[in-house]
Amino acid sequence: MADEIQAGCFGRLFRRKAAPRQCVEFVPPVGKPTSKHTSTEKPRDEEETDDVHYFSPCCDFSYGPAREWWSAQDSLPPYTSELSISSCDDKDIAYVIEKKLDEANSGLRQLSLEIHDNPELMFQERYAHDILTKYMSDNGFKVTKHYLGLETAWRAEYTQGVGGRVIGVNSEMDALPGIGHACGHNLIAIAGVGVAIALRAALRAQPHVSGTVVLLGTPAEEGGGGKAILLERGAYKGMDICIMCHPSPGAPRTTSVGSSNAMQSLKVEYFGHSAHAGSAPWEGTNALDAAFIAYSSISMLRQQMKPDHRVHGIVEGKNWAANVIPDYAHMRWIARAPTSADLIPFVKRVQNCLQAAALATGCKIKLTPEYTYFDLHQNPVLAQGFADIVGSRYGLATTTQNTSASTDFGNVTYALPALHPAFAIPTQPNGGNHTAAFADAARGEAAHEAVMTVTKGLALTGYRVLTDSQFFSRVQASFEQSKLTKDIPDL
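Counting in our numbering, the sequence shown tops out at residue 491, every number present.
The set of hints was computed from the structure by calculation and includes no laboratory data.
Please note that a few of the clues may not be correct.
To be verified - No farther apart than 30 Å at their CA atoms in a straight line, the calculated lysine-lysine pairs in the DSS-like style are these: (1) 267 - 366; (2) 134 - 99; (3) 348 - 306; (4) 483 - 348; (5) 267 - 134; (6) 318 - 267; (7) 237 - 134; (8) 142 - 237; (9) 306 - 267; (10) 306 - 145; (11) 318 - 366; (12) 145 - 99; (13) 483 - 237; (14) 348 - 364; (15) 267 - 142; (16) 306 - 366; (17) 145 - 237; (18) 348 - 318; (19) 134 - 145; (20) 366 - 348; (21) 364 - 318; (22) 237 - 306.
Using the sequences and the hints given, assemble the complete structure.
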């Protein structure tokens, strides 16, 4: 990859309007050519789950056509490194990292299962907080519990020498009501832990190398904006890069470093005046009418929406009765667009519909924007470095296909160079993120093998940032260049 940022394998990440979102581009690792192909994805039917009521704005990290997804019935593929390590010297960093993670494999598997079997909702991840902080403390990290005023956030840090670069890593922990770890955050948790302990082992094997590893336990990705809160409170200050990963449906032995949608959640409340609906309805101010008008207005707005924009919402209330004019109605809306810059004017149009409904009915309105999730800006140099490693050592293909998901890690990618690859695990047909089938998949042995392989790739990428000044300079240059081509959102 040339030192300067240019159009090519990852240039399209910063020209998203120029390329269709369904385009699949596989990134060949350096020294190991692979074929490049495109395919057109048809929308998959989503599995309906009865009796599950949950407002979750986030994750469908699936990439690639559903017909190419890794099926749960497929045999487990080997993830052995294509480079023999039996003859490597113990000082070889790849050997040190892989050896450490192989030794930790059973312990990390147990951590994953404990988190999976004890699902906790956003901001309630107390059990995960306790077992993960204990594990990190037992493995030589300085741990800060209940970090920055968030009960279930935590920080684990290891420093060697003086100065040196700082590698940030994230572990997610929260689950979903009714379906548990249907987004695989148990796997994300152990991936962060694995990267951190592997980098510590690599540093200790090279005593002359100075550096710091910071692992953040980040609560409430599923709508609570945990990383956005931590970012505001300074948790990412001082990090030179930040890395994490996310499981998804996809083709076997693949990862994706594409972007995601930007997202704005809105909470709207209408306040009216109750009255007897039969004897004196004219005395009332109908809050439910305001909600219906808002819903209809936004439905009509869809005709003028761009094809890659989305808006969706629900109506709620309290103690409604057919013979009483409702004096209160509550709605939740989510607006999505490919980029944060696209999202800003779109959200304004949605807000206009909501406010107009209050005006039309005489209701009072309380409109509360919740945390904005920015689109992912994958650092192209980090992404290419990661693709090279997992391609040449582990035979994984990497695509730059975008997803329809939204994540609070997108906010982090606007603040510093960052990488958030998705990786495929086997699941059932129509069993993507946020389904019961995906919760089952996230517990499987094949999913564990997949996350451990990606963990090795991320750890090797992180160590390269610690020790390769030229590589890190290119990472920084690409981030600075990206800031010239994107607007920092102010939503």
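Now the hints, each set against the structure:
no.	hint	verdict
1	267 - 366	holds (8 Å)
2	134 - 99	holds (22 Å)
3	348 - 306	holds (15 Å)
4	483 - 348	holds (24 Å)
5	267 - 134	violated (37 Å)
6	318 - 267	holds (15 Å)
7	237 - 134	holds (24 Å)
8	142 - 237	holds (17 Å)
9	306 - 267	holds (23 Å)
10	306 - 145	violated (44 Å)
11	318 - 366	holds (16 Å)
12	145 - 99	holds (29 Å)
13	483 - 237	holds (18 Å)
14	348 - 364	holds (19 Å)
15	267 - 142	violated (39 Å)
16	306 - 366	holds (28 Å)
17	145 - 237	holds (18 Å)
18	348 - 318	holds (28 Å)
19	134 - 145	holds (10 Å)
20	366 - 348	holds (15 Å)
21	364 - 318	holds (16 Å)
22	237 - 306	violated (36 Å)
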